[in-house]
Every structure is written in C-alpha cells, then in structure tokens.
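Could you build the full structure based on these sequences and the hints that come with them?
Here UniProt numbering is used: the sequence shown runs in plain steps of one and ends on residue 181.
One should not assume that every hint holds.
[Said to hold, decoys possible] Dumping the calculated DSSO-like pairs for lysine-lysine here, alpha-carbon to alpha-carbon at most 30 Å:
#1 101 <-> 48
#2 101 <-> 175
#3 144 <-> 154
#4 175 <-> 144
#5 175 <-> 154
#6 154 <-> 101
#7 157 <-> 175
#8 59 <-> 48
[To be verified] DEER-style ranges, computed between Cβ atoms:
#9 137 <-> 97: 18 to 26 Å
#10 108 <-> 154: 18 to 26 Å
#11 56 <-> 94: 22 to 30 Å
By construction, these hints were calculated from the structure, which means they are not laboratory data.
Since we're looking at a predicted model, the values are computed, not measured.
Virtual Cβ for every residue (Gly too), placed ideally from N, Cα, C.
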Amino acid sequence: MPAQPVPAPATNHAPVPNPALQPPPPNPRRELMVVLANVDHLVIRARKLTRAAEQIQSKRLQSAVLLLKLNLTHAEALPAILDRLNEEEAEDNIWVRAVAKTPAQVAAEHINFPDGTQQWWIVYVGREPGIYSTLEEATAQTIKCPNQQWRSRKGGKREALDFYRTRYDANEVVKWVELVQ
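Structure, rendered in structure tokens:
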C-alpha cells in the first residue's frame, strides 16, 4: 500500500501579512500638502482667467472710445466705416462644399447653345461650377467665393465641356455654398 501524505499540523494563528503590500498609514500632513497644492493651482488659474477677462474688457472699452471719438470728430465718415465693418462681417461667413454638377448635367444645360467658335468661361471652383458664355455670368459664380478658379477658352462648346470634364475627372471641380450667419 502506498504511503499516505502526512497532514500539516493545524494552527490557530492568522498568516503574517507582508508589510510591502500594506497601504501606508494615513499621514495628515501629506494629505494637507496635496490639498494646498490643488488650491494653489486653482488660484493661479483663476488669476489667469481674471487677467484675460480684464484684457477683453479693456479692448472693448478702447473700441468703444475710438468709435465715440470717430462719431464726434468724423460723423460724416461713420456710415462708410460701418459699411466696411459689415463687409468684413459678410466675408466671415462660412462656406461649405456641395455636390457640383456632373459634365453630363452641364452639357444638358447647354444643349441649345450654338457650337460655333466663341469665348467660353469655365468655372470649376465657385458657387455654381459650369460653363458660361459671358464674363458677367462667370464672375457672378466666383465673387467672394473662397479659392475661386475659372478659365476662359476660345473655341467651341465641345472644347469648353472637355475642359470641364477634365477638371471634374481630376476631382478639381468644387461647388461652394455660403452659410450666412
């Protein structure tokens, strides 16, 4: 018969804890130092925010004083100044990309145009990319538009459409839509 293992003697005491695994005893001084460091950090941030707010107020006050001086000394120039400010505001509008017309759609719009030799304006980045028979029409599609691009071509309608198709195939045709704020 095989030998039976000898059972370990029973002990009535708990295992000895490993001191390296025990959390350190509470240290009120250390905890106080952490809280004070956090308070110092918050005070510094509050001071920075206060300085920034004061600078903003100062700039607004300077602008108001300047407008008041302009109003008193150059009252006749004030409407022109306000118009210019409104123009700058209009330039700050947001532009988003939209889906441009395909070459087939552009060709369909110009099906009734004569195919004779004439000047064509091809807008490939603008409000409404396409081909136009007058400079005024093309300019209306590019004015104030970001990164506007157009070319003029002397030739037939087919050459103008081919130029548009080439730009379209190269992913260079972009339609911009203005979002008014």
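Quick rundown of the hints versus the structure:
1. 101 <-> 48: violated (51 Å)
2. 101 <-> 175: Since the Cα atoms of residue 101 and residue 175 sit roughly 8 Å apart, the hinted pair holds (cutoff 30 Å).
3. 144 <-> 154: Judged against 30 Å, a Cα distance of about 25 Å means the pair holds.
4. 175 <-> 144: The given pair, whose Cα atoms are some 13 Å apart, holds under the 30 Å limit.
5. 175 <-> 154: holds (24 Å)
6. 154 <-> 101: holds (22 Å)
7. 157 <-> 175: Cα-Cα ~21 Å, so holds.
8. 59 <-> 48: holds (17 Å)
9. 137 <-> 97: 18 to 26 Å: Between residue 137 and residue 97, where Cβ atoms are some 22 Å apart, the hint holds.
10. 108 <-> 154: 18 to 26 Å: holds (23 Å)
11. 56 <-> 94: 22 to 30 Å: Holds: the Cβ-Cβ distance is about 24 Å, inside 22 to 30 Å.
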